[in-house]
Amino acid sequence: MSPGDSSSGNSSSEERRARLERLTDLALRELPPPRAPATLEPRVLAEIERRAALGGSAVGVGSWPAAARALLAAGCALCVPLVWLLLPQLDGRLAHALSVPDVAHLLDSVTGTGRMFVGLVQLAARVVYLIPKDWLFGGLILTSAAYAAPLALGYLLLAPRSKVHSV
Amino acid sequence: MRAYQDMVFATAMRLAGNPAQAEDLSQDVFLKAYEHFEQLRASPSAGGWLKTVATRLTLNYLARHRKRWRVFSEVFTEGAGEEELEAAAASFDTVLQELDGQERHRLIERALQALPDHQRVPLVLFHFEEMSYQDIARHLGHSLAKIKTDILRGRLAMARTLAQGGLAPADRSDDTPS
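Residue numbers (our numbering), protein chains in the order written: chain A, -6 to 160; chain B, 378 to 555.
It is possible that some hints are incorrect.
[Claimed, not checked] Heads up, simulated SDA-like pairs for lysine to any residue below, C-alpha to C-alpha not over 20 Å straight-line:
1. B/Lys409 / A/Ile134
2. B/Lys409 / A/Thr32
3. B/Lys428 / B/Glu400
4. B/Lys428 / A/Gln82
Derived by calculation from the structure, the hints in this document are not laboratory data.
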């Protein structure tokens, strides 16, 4: 006698729900599991080989062996006092390097380029200041919409559609 | 890997409902297992570990798309009538008693795969993964009442599909492995 054979004429709503749950459970639990496709194993092995060929750097630090992770952490920790110790010496050498004529000339040209950029930014700021605020915000909104619309359209049309997506 | 690949694939397949996605997720599960190979090699609970990871990865995948199916899920929150419950139970009963094994499995599998995600996922977690309503609600980030409603609606929808002989409107037999 199956669980569904019990008389249900006068059963309450809760009993009916419980009966449906029991029958659904019976039906689902007897299903054989779907078999993995034959392509799964070769795919996994190929990916493992690919990663092995790339070496340890191809996988995340989190999956490195514990010793390698400890070594990396120790190396990073060592960098801090090393920089602290070397900085004063580096400072003296840097001052000396900047006094060499070729380097000084290079620095001058870099500074000149920097001044030119600052001038351009100031000019742009003046132009923006002269534009009425309503126009400015309107233009910003229109530009944002012009960028967002094709992006949204592209996402809707081109986003991968598995069954989960298409619900 | 051969010993567990069907179990891992079945877990991902029933939750994701898409063979291609289930294969991708299964691959991710085995790559994670490979990263923990030393611990798993001699472990008697390797199968449980693989099942847990398969479930977690698939739920994570589904969570990334949850906003889309949550909207649809909210629409169906009404309860079921007495007659509907009775008819649904009768449909299951008929299929379980009157059809032979292979035909019965084919119909039930098809009815399950025809469910929308917001009904199939909690239903699978409840019946196959043996999770409680509370755990399902916590994992999926929904209220307990909504999870109960979705599962009930899923059972009723499956029963309707079974009553129609598996010929549901959203027939996805091409997606369902034999």
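Query raised in the report: Checked against the structure, which of the hints given earlier come out wrong?
Result: Structure breaks hints 1, 4.
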